[in-house]
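Take a look at the letters that make up each chain.
There are 6 protein chains.
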Amino acid sequence: MTKRYHDNLSQGRTVEQKRELVKVLTKETARILNAKEDAVRVLIYEVSKENWGNAGVLGLDM
Amino acid sequence: MTKRYHDNLSQGRTVEQKRELVKVLTKETARILNAKEDAVRVLIYEVSKENWGNAGVLGLDM
Amino acid sequence: MTKRYHDNLSQGRTVEQKRELVKVLTKETARILNAKEDAVRVLIYEVSKENWGNAGVLGLDM
Amino acid sequence: MTKRYHDNLSQGRTVEQKRELVKVLTKETARILNAKEDAVRVLIYEVSKENWGNAGVLGLDM
Amino acid sequence: MTKRYHDNLSQGRTVEQKRELVKVLTKETARILNAKEDAVRVLIYEVSKENWGNAGVLGLDM
Amino acid sequence: MTKRYHDNLSQGRTVEQKRELVKVLTKETARILNAKEDAVRVLIYEVSKENWGNAGVLGLDM
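Residue numbers (full-length UniProt numbering), protein chains in the order written: chain E, 1 to 62; chain L, 1 to 62; chain D, 1 to 62; chain Y, 1 to 62; chain R, 1 to 62; chain P, 1 to 62.
Looking at chain E on its own, in the form it has when it is part of the complex (with noise of 0.2 Å):
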């Protein structure tokens, strides 16, 4: 089965740190694992500062 990430994350990370949290995620899921690279997939959202909140407060007002 596919191994799948889902990274929640704040808006604002360049393509570059994408680039490389993908390539790390899945080589370090495969090695883990013991599971073949092609195997895992990683999807990322962004969330923009008034679409998440952590005890109570919008990311906004912080």
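Just so you know, the hints here were simulated from the structure itself, not pulled from any lab data.
Note that the coordinates shown come from a computational prediction; the quantities given were computed from them, not determined experimentally.
Among the hints, erroneous ones may be present.
All copies of an identical chain are treated as equivalent in the list; a pair is satisfied when it fits inside any one copy or across any two copies.
[Claimed, not checked] Once the Cα atoms are required to be at most 20 Å apart in a straight line, the calculated DMTMM-like pairs of lysine to aspartate or glutamate come out as:
1. K27 with D38
2. K23 with D38
3. K49 with D61
4. K49 with E37
5. K49 with E28
6. K23 with D61
7. K27 with E16
8. K23 with E50
9. K49 with E20
Following the hints, complete the assembly by docking chains L, D, Y, R and P onto the known chain E.
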């Protein structure tokens, strides 16, 4: 463990509504589950009318 | 559109806590978003201690 | 209970494709699961090429 | 990019229903989106009656 | 904001594999995104072979 909400909402809510949603959901969850408020995370995914459907009909066509 | 909550919770909550969580989340969401209660859905995913981690440590080891 | 689909798709699909996807998924699900069509919800998350990766490579670089 | 379905279903479906659901969803999605069938993944999350609620009422109490 | 992973994995991984997965994913994410490790959460959803399908075929039948 962190209690986490993913709210799927139609686009068009005000920041003030989101602010209150995060505040109230966090407070009530901590009360009901005897947890600390700083263990509660809220994530809001806004979905446009062309990206959801109920009973076989696209939101755009309702 | 239906407003939908996915609550990720540690295992071990009582049915009574879940009943109250569904009731209160639905009522407060409908109030805050001026929506009807029958447009609100709640889904609870229970996660065992060996299946979540915070700050690099497995729940089981906390 | 509501049957719910979350479709993760690359950006770039037409409204007409989404309309047909919602209609057909709903009809077939209701048939296969002996459920009512109005108990089926479909949510489409569109993901840009810089936010997904297969086998360690970013969509943008494929 | 891989098209991915997350189906949230009440517990109690037969393996035969799941087999047909995976087959039909994959075939129809590939047709509608002009994609290859091997780019389609389906994930089924089964939810017990005490872990979902509609319109403020727990599934268990319906 | 908290960076959050949802890993969808086939059942059958050892606790030791999950422990290492949480540790390595957290460390690498914090490094790549210049974030603190305690802002990283990992959630593992284990899916049985009858609840996932690739290219139209149920995991059970592969």
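The hints, checked one at a time:
Taking the closest pair of Cα atoms, K27 and D38 come within 20 Å of each other only inside a single copy of the chain (10 Å); across copies the shortest separation is 22 Å, beyond that limit. In this assembly of identical chains, K23 and D38 lie within 20 Å of each other by CA distance solely inside one copy; the values are 11 Å within and 22 Å between copies. Taking the shortest Cα distances, K49 and D61 sit within 20 Å of each other inside one copy (8 Å), while across copies they are farther apart (28 Å). For the identical chains of this complex, K49 and E37 are inter-copy neighbours only, at 19 Å across copies versus 33 Å inside a copy, given an alpha-carbon limit of 20 Å.
Taking the closest pair of Cα atoms, K49 and E28 never come within 20 Å of each other, the shortest separation being 30 Å inside a single copy and 22 Å across copies. For a Cα distance limit of 20 Å, the shortest separation of K23 from D61 across copies, 12 Å, qualifies, whereas the shortest one inside one copy, 33 Å, does not. Both within a single protomer and between protomers do K27 and E16 lie at most 20 Å apart by alpha-carbon distance, with minima of 17 Å and 18 Å respectively. Taking the shortest alpha-carbon separations for K23 and E50, only the inter-copy value of 13 Å comes in at or below 20 Å, while the best intra-copy value is 29 Å.
In this assembly of identical chains, the alpha carbons of K49 and E20 lie at most 20 Å apart only when taken from different copies (15 Å versus 23 Å within one copy).
Hint compliance for this structure: hint 5 is the single one not met.
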